[in-house]
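Position 95 of the sequence shown, counted from 1, bears residue number 127 in this note's numbering, the numbering being contiguous throughout.
The set of hints was computed from the structure by calculation and includes no laboratory data.
Some clues are possibly wrong.
As the list claims (entries may be wrong) - Ranges between beta-carbon positions, derived for each pair:
(1) Leu56 to Val130: 26 to 36 Å
(2) Gly112 to Thr69: 12 to 22 Å
(3) Leu34 to Met136: 21 to 31 Å
(4) Val130 to Asp53: 31 to 41 Å
(5) Ala119 to Gly80: 14 to 24 Å
(6) Met136 to Ala90: 17 to 27 Å
(7) Leu149 to Leu56: 28 to 38 Å
(8) Met83 to Arg158: 13 to 23 Å
(9) Asp73 to Ile168: 14 to 24 Å
(10) Ala57 to Asp93: 15 to 25 Å
(11) Leu89 to Ser41: 27 to 37 Å
(12) Pro46 to Asp93: 34 to 44 Å
(13) Gly171 to Thr69: 18 to 28 Å
For every residue, glycine included, the Cβ atom is placed at its ideal position computed from N, Cα and C.
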Amino acid sequence: ALLREAVRSRSALPWLEESEDALLALPADEGIRRILTRALDHMDDNSGPFMVMWSQLATNDTVAQSLAGFINEALQRIAGFLEAKVASGELRGIDTEVASQMMMGSLVTYTLRTRRLSPPLTRISRRRFIDGVVEILTGCHTSSMGCDNAQGQDD
């Protein structure tokens, strides 16, 4: 329980809980962008503990169970945000469970490729990464300025 709480407190999950209403008030693309940005900030700030935990997943059942609970909670919160945006018509009908896992997997892979592997294996900027994930989820061309409805969406 202590391990799970230590990992949880260093993650973006407390922020995600506190910001749920504020995120829901944002347009879908901006909310997704904020979730990704905050998660990357936390992963950058805590990349050392993240890597220690990651290395223990395959061999330590306690670590694996602790992380499974934390990851499941994060996935449920992200899926809940996406479900609300689908229900409001802001996102097309997507499988929110798959989409939340895609977001989480993308964050982990981006962090590994840009921060932990030597030499870094990607030249994708943080902004390009976030814009790409937002574009995939929303189905429209995006920039940090928002969704361009002229591209990628039928009106």
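Each hint, compared with the structure:
1. Against the hinted window of 26 to 36 Å, the Cβ-Cβ separation of Leu56 and Val130 comes to about 21 Å, which falls outside the hint.
2. At roughly 19 Å, the beta-carbon separation of Gly112 and Thr69 lies within the given 12 to 22 Å, and the hint holds.
3. Here the CB-CB span from Leu34 to Met136 is close to 23 Å, well matched to the stated 21 to 31 Å.
4. Between Val130 and Asp53 the Cβ separation comes to about 25 Å, which falls outside the hinted range of 31 to 41 Å.
5. One distance hint, 14 to 24 Å for the beta-carbon pair Ala119 and Gly80, is violated here, with the actual separation near 39 Å.
6. Checked against the given bound of 17 to 27 Å, the beta carbons of Met136 and Ala90, roughly 18 Å apart, stay inside it.
7. The hinted window of 28 to 38 Å between Leu149 and Leu56 holds, with their beta carbons roughly 35 Å apart.
8. In this structure, Met83 and Arg158 meet the distance hint of 13 to 23 Å, their C-beta atoms being roughly 19 Å apart.
9. With their beta carbons about 21 Å apart, Asp73 and Ile168 fall inside the hinted range of 14 to 24 Å.
10. A hinted range of 15 to 25 Å is violated for the C-beta pair Ala57 and Asp93, which are about 41 Å apart.
11. For Leu89 paired with Ser41, a C-beta distance near 19 Å fails the hint of 27 to 37 Å.
12. The hinted range of 34 to 44 Å is not satisfied by Pro46 and Asp93, whose Cβ atoms lie roughly 26 Å apart.
13. The hinted range of 18 to 28 Å is satisfied by Gly171 and Thr69, whose Cβ atoms lie roughly 20 Å apart.
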